[in-house]
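Novice: Residues in the sequence shown are numbered consecutively from 1, following the numbering used here.
What the hints contain is simulated information worked out from the structure, not anything from laboratory work.
Per label pair, the in silico range of CB-to-CB distance:
| no. | residue 1 | residue 2 | range |
| --- | --- | --- | --- |
| 1 | Phe151 | Asp462 | 46 to 54 angstroms |
| 2 | Asp842 | Lys794 | 30 to 38 angstroms |
| 3 | Arg281 | Lys407 | 37 to 45 angstroms |
| 4 | Glu476 | Leu347 | 32 to 40 angstroms |
| 5 | His769 | Lys798 | 21 to 29 angstroms |
| 6 | Asp397 | Val463 | 43 to 51 angstroms |
| 7 | Gly738 | Ala799 | 25 to 33 angstroms |
| 8 | Lys368 | Arg468 | 25 to 33 angstroms |
| 9 | Lys96 | Thr357 | 54 to 62 angstroms |
| 10 | Arg468 | Ala391 | 41 to 49 angstroms |
| 11 | Glu682 | Phe566 | 31 to 39 angstroms |
| 12 | Leu673 | Pro708 | 49 to 57 angstroms |
| 13 | Asp462 | Lys368 | 21 to 29 angstroms |
Owing to the predicted nature of the structure, the values given are computational and were not obtained by experimental measurement.
We treat Cβ as the ideally placed atom computed from N, Cα and C, and that holds for glycine.
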Amino acid sequence: MNFFAISCLTTAILTFILGIFVLTRKGVINKLWFLNSLAIFLWTIGLFGSVVSQHEGSALFSQRVLYIGTILLPAFFFHYTLYLTNYYDTNRIKLKIVYLATLFFLIFSFSSLFLKNILPRNSFGYWPVATGGMYAYFVIFFVAVLAYSLFLLYSSTRINVGYKKKRLQYMLYASLVGIIGGSTNFLLDFDVDFYPAGNFFVSLYAILMAYAIVKYRLMNIRLIVTRSILYTVLVGAVASFFSLSVFLASTYLGANTQVSKIFVYIVAATIVVFALDPVKRVWARITDSIFYKDKIDYQKVLQRVGLVLAREIDLQDLLQKFVDSLVKELKIKKVSFWLATNDHYELTAKSGVDIATSLSVDFINFVKKHRKLIVLDEFLRDKENFKENTADYQAIDYFIQEAETKKIEMVLPIVETERLTAIMFFGAKQSGDLYSSEEINFFEVLMPQIATALEKSKLYEDVEELNRSLQVKVEERTKSLSVANLSLEERNKFLTTMQGVSTLISRSLDLNKVNQAIANSIASELGYVGGLLSFVDKESNSLKMAAITQNEFTAQVLKMLPQDPFNYRSLLQEGYNLGVQTFMSGKINMSAKISDFLSPPVSKAIIDTIQKVLGVKSVVCIPVYSEGGIIGVVQFFLKIEQTKISSMDIETMTALTNQVGIVSSNLKLYNNLQKANRDLQEANMHLRDLDKAKSEFLSIASHQLRTPISAIKGYLSMLMDGDFGKVTSPRIKEVLAGVYESSNRLARQVDIFLDVSRIESGHLKLDKHPIQINNLIDSVVAELQNQVIKKGLKLNFKADKSTPMIVADPDKIRNVIINLVDNAVKYTPQGAVIVSTKYDQDFLTFMVKDTGIGIDPAEVGGLFRKFVRGSGVAQIHTGGSGLGLFIAQKMIKEHGGQIWAESEGKGLGSTFQFTLPFKDGLKLATEEIKKA
Numbered sequence: 001m002n003f004f005a006i007s008c009l010t011t012a013i014l015t016f017i018l019g020i021f022v023l024t025r026k027g028v029i030n031k032l033w034f035l036n037s038l039a040i041f042l043w044t045i046g047l048f049g050s051v052v053s054q055h056e057g058s059a060l061f062s063q064r065v066l067y068i069g070t071i072l073l074p075a076f077f078f079h080y081t082l083y084l085t086n087y088y089d090t091n092r093i094k095l096k097i098v099y100l101a102t103l104f105f106l107i108f109s110f111s112s113l114f115l116k117n118i119l120p121r122n123s124f125g126y127w128p129v130a131t132g133g134m135y136a137y138f139v140i141f142f143v144a145v146l147a148y149s150l151f152l153l154y155s156s157t158r159i160n161v162g163y164k165k166k167r168l169q170y171m172l173y174a175s176l177v178g179i180i181g182g183s184t185n186f187l188l189d190f191d192v193d194f195y196p197a198g199n200f201f202v203s204l205y206a207i208l209m210a211y212a213i214v215k216y217r218l219m220n221i222r223l224i225v226t227r228s229i230l231y232t233v234l235v236g237a238v239a240s241f242f243s244l245s246v247f248l249a250s251t252y253l254g255a256n257t258q259v260s261k262i263f264v265y266i267v268a269a270t271i272v273v274f275a276l277d278p279v280k281r282v283w284a285r286i287t288d289s290i291f292y293k294d295k296i297d298y299q300k301v302l303q304r305v306g307l308v309l310a311r312e313i314d315l316q317d318l319l320q321k322f323v324d325s326l327v328k329e330l331k332i333k334k335v336s337f338w339l340a341t342n343d344h345y346e347l348t349a350k351s352g353v354d355i356a357t358s359l360s361v362d363f364i365n366f367v368k369k370h371r372k373l374i375v376l377d378e379f380l381r382d383k384e385n386f387k388e389n390t391a392d393y394q395a396i397d398y399f400i401q402e403a404e405t406k407k408i409e410m411v412l413p414i415v416e417t418e419r420l421t422a423i424m425f426f427g428a429k430q431s432g433d434l435y436s437s438e439e440i441n442f443f444e445v446l447m448p449q450i451a452t453a454l455e456k457s458k459l460y461e462d463v464e465e466l467n468r469s470l471q472v473k474v475e476e477r478t479k480s481l482s483v484a485n486l487s488l489e490e491r492n493k494f495l496t497t498m499q500g501v502s503t504l505i506s507r508s509l510d511l512n513k514v515n516q517a518i519a520n521s522i523a524s525e526l527g528y529v530g531g532l533l534s535f536v537d538k539e540s541n542s543l544k545m546a547a548i549t550q551n552e553f554t555a556q557v558l559k560m561l562p563q564d565p566f567n568y569r570s571l572l573q574e575g576y577n578l579g580v581q582t583f584m585s586g587k588i589n590m591s592a593k594i595s596d597f598l599s600p601p602v603s604k605a606i607i608d609t610i611q612k613v614l615g616v617k618s619v620v621c622i623p624v625y626s627e628g629g630i631i632g633v634v635q636f637f638l639k640i641e642q643t644k645i646s647s648m649d650i651e652t653m654t655a656l657t658n659q660v661g662i663v664s665s666n667l668k669l670y671n672n673l674q675k676a677n678r679d680l681q682e683a684n685m686h687l688r689d690l691d692k693a694k695s696e697f698l699s700i701a702s703h704q705l706r707t708p709i710s711a712i713k714g715y716l717s718m719l720m721d722g723d724f725g726k727v728t729s730p731r732i733k734e735v736l737a738g739v740y741e742s743s744n745r746l747a748r749q750v751d752i753f754l755d756v757s758r759i760e761s762g763h764l765k766l767d768k769h770p771i772q773i774n775n776l777i778d779s780v781v782a783e784l785q786n787q788v789i790k791k792g793l794k795l796n797f798k799a800d801k802s803t804p805m806i807v808a809d810p811d812k813i814r815n816v817i818i819n820l821v822d823n824a825v826k827y828t829p830q831g832a833v834i835v836s837t838k839y840d841q842d843f844l845t846f847m848v849k850d851t852g853i854g855i856d857p858a859e860v861g862g863l864f865r866k867f868v869r870g871s872g873v874a875q876i877h878t879g880g881s882g883l884g885l886f887i888a889q890k891m892i893k894e895h896g897g898q899i900w901a902e903s904e905g906k907g908l909g910s911t912f913q914f915t916l917p918f919k920d921g922l923k924l925a926t927e928e929i930k931k932a
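Use the sequences and the hints to build the structure in full.
Specialist: Right under this line is the structure:
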């Protein structure tokens, strides 16, 4: 047997044992690893049989076994890699294709398409010398699948960190060594003269995989140990039983013949087959009782710890019971819980001994930055991946140093909604073992439950704090409400008192009676002994008593005075008495003696006697204010000492005193108003008589003037027409035209007076019938042309030709139009006057716009009142009665229309407009035309 064959056998034994160790009924990845190991075992054991065979037949059989292992290896390795790297879900179709191809190659591996001939070759014994046409395609398949698997391993090492990354790296390195080393065997198959030295490195593959499994928790090391012992004992037991059976049978039963030996072998084998499984179970229980006597059921622990988290509400109790439970259940030496408070972390709960009570800021910041479960032994290995003097190396190194100093083996950050709410630190396990993958998985499952429990407990604390705060606020508010209630009761009493006083005051408008009612209310409503009201007498420059409380007590003491109390005067001199001082200073004064306020003028002895009889212990004097200043004082006599007078008493007395001032002022104003009202009524009656006489005069004068004016106009017209002879002198014609125009103006003025008389007497009548308003305007423009020409103005009429006839009184409307146009001409020194009409289906709008002197906007609204003229118009036109616009407004309103004026100001011209509705007028006018 050469060295090459020994290496093949060694590799086969190592991979088979490693596969058996990790094989378990639980865990897909363990089973896949076993299949992978089985394929390598078939490959290497077949290669071993091929090179050590002495006959072609046995060599050919071994080569077929080798091909089976070689064909299965890519599929099993690819399947295992997908599970290991978590790429299984994205490569399911590819995996199915690989398995189909594997099945295809397996079918043809026993045909000449794979192997045609095998012969002894060099020092290797038998080796394929002629492969089939399909073999090359298989080699391509072999290399492609394994290369893609290695690529997935490499990709996974790039995205993982910590122990997972290390584990994957060792898997990658071991696989590279094994695959590249084993692949050198294919070179001789294709007649390449190359010694397959790489096959020696396949054994290193098994060693590296075992190291990765043990060191980086690919499988549990304790499981490997227990399985090793279990199967070693089983193999020993089976071998011993088989050997003992053969020995005993040949020694004591004489089973020396070939047939008897075969029989013994069959019986022993049968017994082994049926007894192996029960023996295995019994021995497994024995090994478990030895190696797993302290084995933890993490599912039950999770339930018990979860019950603590769910049951407890108080934060401190929750955390303390939680860490105590972890120490007890998981057999950990110490656990500490650090809770986030504002911007730092505080030790909130701990269990165990030798627990650190302070942590550096850098240590906490490292945990906050990492935000994942940290196992110290993994970080010790990760530290080697960084170069010294780099920031990452120094951060990890500092973290490791502080963790080792404070004996921290594992760190569990509690993250809730992207915020690190707490950190848990774990010491070493009591057994001294490292934290296993089961324990790491346990804490990763527990982490969100802890975060939820913290949130729940914090909410409970917030509610408790809110309750405490509310309780304090309720107590404070209750206290303040009690105070406020007392205040309200006093205020209510005050308001009730003031209401009673107001009721008494409002019963009379006589000032003396009101003052007496106020004085009486001091005793009856306020409950004091009594009071005294004094007002200033300007004639005597003194304070004179106006009212004093009248009841049975005051009636008794007033008899003690030598004269009527209303005859006393307190001179307004500095230092005369405290009452005068109150009046002059305007400040409230108090004293225990009435004599300080009333003596002089009353004798001090008499006042002291009166005070004793009344039982007065204090006096309060308050000035009475009115709009004109201080008008008097009110003195309140109380049965309580000065020091016991409350602020509410002062407020009540001040309010009553203010009432005195208000009532005095109001009654004086009322009396003045009554006098002014009587004077106004008398003046109004006189004005009405004058207005009536004026109207009668205007009516009589207008009727008396109308006849002679008509006669004058008639004779002037006849003279101008030449009825009394032709007038040839231009001067005389001009004079006659001027006189005639003045007569027309006088006639219009008389008509205005008559219209005013009719309006005020209610005898105004309208003679409405269909008219064309444009014709009226044309006649007015023609009548005023002489006046316009004399002033050098322009008078234009822009008629709306579509304007239909309206129903109106033509004389009244013509008077309104001529009044508006005449005013525009009068008050326009230069420029133009534009007259226009507009028809818009519902209304007729008449407008006169000029460039004249304009109107103050503040005066526009008053122009249509009787006898009102704009300011400054008298300088332009001294005539005018101020009645034209008044009558125009009345006429337009009688026709159902509106009239108004507009102007932007003095010197900016003005515009007068009126509107007349003519829906009904249009209909009536049409009917009148049809009748005609």
